[in-house]
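Visitor: Top line first, the protein sequences correspond to chains A and B. Read left to right, the first sequence gives residues 840 to 959 (our numbering). Read left to right, the second sequence gives residues 707 to 1358 (our numbering).
The set of hints was computed from the structure by calculation and includes no laboratory data. Hints are supplied without guarantee of correctness; some may be wrong.
Here are some, though not all, of the chain A residues that point toward chain B, as calculated from beta-carbon distances under 7 Å [claimed, not checked]:
no.	residue
1	LYS843
2	PHE857
3	PHE880
4	GLY886
5	LYS909
6	ILE910
7	VAL912
Label pairs and their calculated CB-CB ranges [said to hold, decoys possible]:
no.	chain 1	residue 1	chain 2	residue 2	range
8	A	ASP923	B	ILE787	51 to 57 Å
9	B	SER1309	A	ASP935	25 to 31 Å
10	B	GLU908	A	ASP923	41 to 47 Å
Predicted model, so just to flag it, every value in this text is computed and none were measured. Cβ atoms here follow ideal geometry from the backbone N, Cα and C, with glycine treated the same way.
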Amino acid sequence: MNNKIIPITILGMLLISFVFLSIVEIKQADINSKNIWVLYFSDPQSGSLDFSIENHSQNKIFHWQILLDKIIVTEGDSVIMLGDTKTITVPTSNTDLSNKKITISVTDSNSNKKEVYKNF
Amino acid sequence: MLSFLSSQFLLYVSIGIALFIPGYFLIFATHLNKKLSSLESLVVAFGSSVVIIDFLIIFLGRSPFSITRVSVFAVIFLFSIVCYAVHFFRNKKNTGATLVEIEAVKPSNELPLKSTLLILLLIFLTIFIKTIYFKDTIFPTTTDLGHHMYWTKIITTTANLPVYEKADIGQDLTIEKPRPIADFVIGEHLIFAAIALLSGAEFIGPFPALVLFLIQIMSLLAIFILTRSLFSLPDNKASRYGEVVALMALFLIGPLYALATPQAKFVSGGVIGNTIGNLLIPLAIFFFVRAFSEKKSVFLSWGLLISLGLAYTHHLSTFVFIFVFLFTIIAFVALNFKTITVEMRGWIKLFTSPSVLTVLALGIIFVFLIYTPTYLNSKAIDTAVGAPSKSTRTGLTLTQLKMTAGEARFAFAVAGFFLLFFARKISRYSQAFMIGWISSLALMSLRPDWLFVDIPSNRIASYVVFPFAIVAACMIVHSFVLLKDKTDNMRKNYLGPAFVLITFVSFMVFVSVNGFDDNAHALNTDSSASKAIQTYTASRYLAQHSNSQDMILKDHNYLSGDTWIKLFFMRGYSYPLSRGYFKRYEDSASREQCTNLMISTPSSSNAGQCFAGTKTNFIMINPKIDSGQFDKLKKFWQIYSSDEVGIYYKSS
Chain A
840 MNNKIIPITI LGMLLISFVF LSIVEIKQAD INSKNIWVLY FSDPQSGSLD FSIENHSQNK
900 IFHWQILLDK IIVTEGDSVI MLGDTKTITV PTSNTDLSNK KITISVTDSN SNKKEVYKNF
Chain B
707 MLSFLSSQFL LYVSIGIALF IPGYFLIFAT HLNKKLSSLE SLVVAFGSSV VIIDFLIIFL
767 GRSPFSITRV SVFAVIFLFS IVCYAVHFFR NKKNTGATLV EIEAVKPSNE LPLKSTLLIL
827 LLIFLTIFIK TIYFKDTIFP TTTDLGHHMY WTKIITTTAN LPVYEKADIG QDLTIEKPRP
887 IADFVIGEHL IFAAIALLSG AEFIGPFPAL VLFLIQIMSL LAIFILTRSL FSLPDNKASR
947 YGEVVALMAL FLIGPLYALA TPQAKFVSGG VIGNTIGNLL IPLAIFFFVR AFSEKKSVFL
1007 SWGLLISLGL AYTHHLSTFV FIFVFLFTII AFVALNFKTI TVEMRGWIKL FTSPSVLTVL
1067 ALGIIFVFLI YTPTYLNSKA IDTAVGAPSK STRTGLTLTQ LKMTAGEARF AFAVAGFFLL
1127 FFARKISRYS QAFMIGWISS LALMSLRPDW LFVDIPSNRI ASYVVFPFAI VAACMIVHSF
1187 VLLKDKTDNM RKNYLGPAFV LITFVSFMVF VSVNGFDDNA HALNTDSSAS KAIQTYTASR
1247 YLAQHSNSQD MILKDHNYLS GDTWIKLFFM RGYSYPLSRG YFKRYEDSAS REQCTNLMIS
1307 TPSSSNAGQC FAGTKTNFIM INPKIDSGQF DKLKKFWQIY SSDEVGIYYK SS
């Protein structure tokens, strides 16, 4: 029996397994399949209040509110498609923010809420 | 789709170039191909390629050239060319050999059809079971693999050999200058760096686990070829006893207990050193047994080369191997006391052969002049040798060892161990190696204080699986041989064939049920990919919005895949700082407490001093567990929010 068949067959079996696992890994690594979304400040270290919503979920409509010490000062809705990121600019030049807590609160269509905030 | 196909193609070609080509060429250069079967050639080519790649890249790193895709490819190509030239000229020199001489060196150890099919079936089952397990763990999240891939990425990004060091928080609560660490060995990272450079594969992807999976399958095949070699009768080459024992051993370590430690769990866990050690130890023993049994220096040279590679790959495996070797010598001397002086003359002849002296000289030059393994310093040796210093190092109970080895395997191995002392169907060297291998590991695991071993006992015990499986296989097959043997031996047997057959079937059922049950318990039901992806997304965000002046602290307890965070920053092994397991802060009074205090009680004055000393200004935590203490404090801003990760910024 020509035993080259053993190494060749084993390597073939490993190749099939590796390709299968690579495909599985690609699917697992696809953030758009995880039904999550993320909220963050565009510039975390400065006084800027611009924020971004990164959507990797089935939700499309996000309701956001800007609260100044728990009081809603402005709010709105954003439509963000799967895989997209939307940055919302918040003008701050006409507002005195000293000793205030500014909270960005975002709620998706399933009423899941996330918040980020800065204390001035 | 096209990018997936091209990345897959590049990955497998790179694995072939790095992990098969150098070994195959060295086999040809040393004419070992004429002494090995094709399966043995495959395993030896793979194992030796791991070693050769280590030495080639270390050499490259110490040369004026950088470690890049081109230089790695060039050095492998040059090595292969040199090996081929040696092979060509040796062949040319030997063209005058007669047909009889050529026949004499042709391999006579190829396997018959039935055994071939059985091996393929066992390997198929093994790969299938492990693949089922890996489908939930293939996405990289595990702690050890994260640490190792950091050092691997350092090699690929700096194009130099890594300097293993880390920066701790000192007594004055500031971050000290980096100090050398002996926790990592360069051989654990070089093969991954070579494949990453050649293929361009991403570190946060499947390639590290796939390479480890490949190493593990090769280590199972190494056990097969070793067992076959150990139990092949020296006076009867045509006997298939060794082949049957090897098949049984493959059954006991392949499809059975396929997932438990040190099998698939070590692959998904990224326990690189142990996994490579479990390949190189059986390979080294394979060559040593053949060298001493057949009195051939070429095998001894290969054994020494593999051992040297082991020393550059994993400290614990090397430590274990030294004990195995010492116990083997003791066992051989004790069992062959009358002929030891004659044997020693043969050993001296083997060790003074040109090929062996060449490997020894190269080893000495490498260790002393080119690259000394990081663990070869007095501090690292002191931590491994001496009276056990922790409760986890005082030895396992027999029950714990039984669970590690697998209940059924353990039972047969114990019986088989005693059988070894009276075995006639085994060479004296095989007998000594098996007794030395098992007794050294059993003693190191059960009574480390007797040997002044100060290493976690469960880590040592993970090495018993392979020799136990070999001896258990020998025991099972031996009982079957009694049944089949219809010559004089049978007449001495007081048991009826039907009874022996029933007993044998019962044994097999016991072993199979126990082994597959072990697999069932180890199977994952959940993947941690979803949580880890959120950690990586947050890390990417923070890497883009911070610089090396910022200091980040993350939590190891509740963040998934947290050790991989450092790959997004590449700002040092200790960056970001990490809150470790809580028990570690209690176990050691001298351990720094800052990383715990800054997350657990950020408002305390001690934490305040830690923030000032370490200049920590970003905290990554799991918001479900650790957000409350930060939300109360005005100086912290929550700047990032996802389901699994919250990031806080400490404003100045």
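Visitor: Taking the hints in turn, state whether each one holds.
Guide: We went through each hint and held it up to the structure:
1. LYS843: 5 Å, holds
2. PHE857: Holds, because the Cβ-Cβ distance from PHE857 of chain A to chain B comes to roughly 5 Å (cut-off 7 Å).
3. PHE880: PHE880 of chain A check passes; min Cβ-Cβ to chain B is 5 Å, inside 7 Å.
4. GLY886: Since chain B brings no Cβ nearer than about 9 Å to GLY886 of chain A, farther than 7 Å, the hint is violated.
5. LYS909: 13 Å, violated
6. ILE910: Status violated, d = 18 Å.
7. VAL912: Violated: closest Cβ of chain B sits about 18 Å from VAL912 of chain A, beyond 7 Å.
8. A:ASP923 with B:ILE787: 51 to 57 Å: 53 Å, holds
9. B:SER1309 with A:ASP935: 25 to 31 Å: 27 Å, holds
10. B:GLU908 with A:ASP923: 41 to 47 Å: Violated, since GLU908 of chain B and ASP923 of chain A (Cβ atoms, about 23 Å apart) do not stay within the stated range.
In summary, the structure is inconsistent with hints 4, 5, 6, 7, 10 from the numbered list given earlier, while agreeing with the others.
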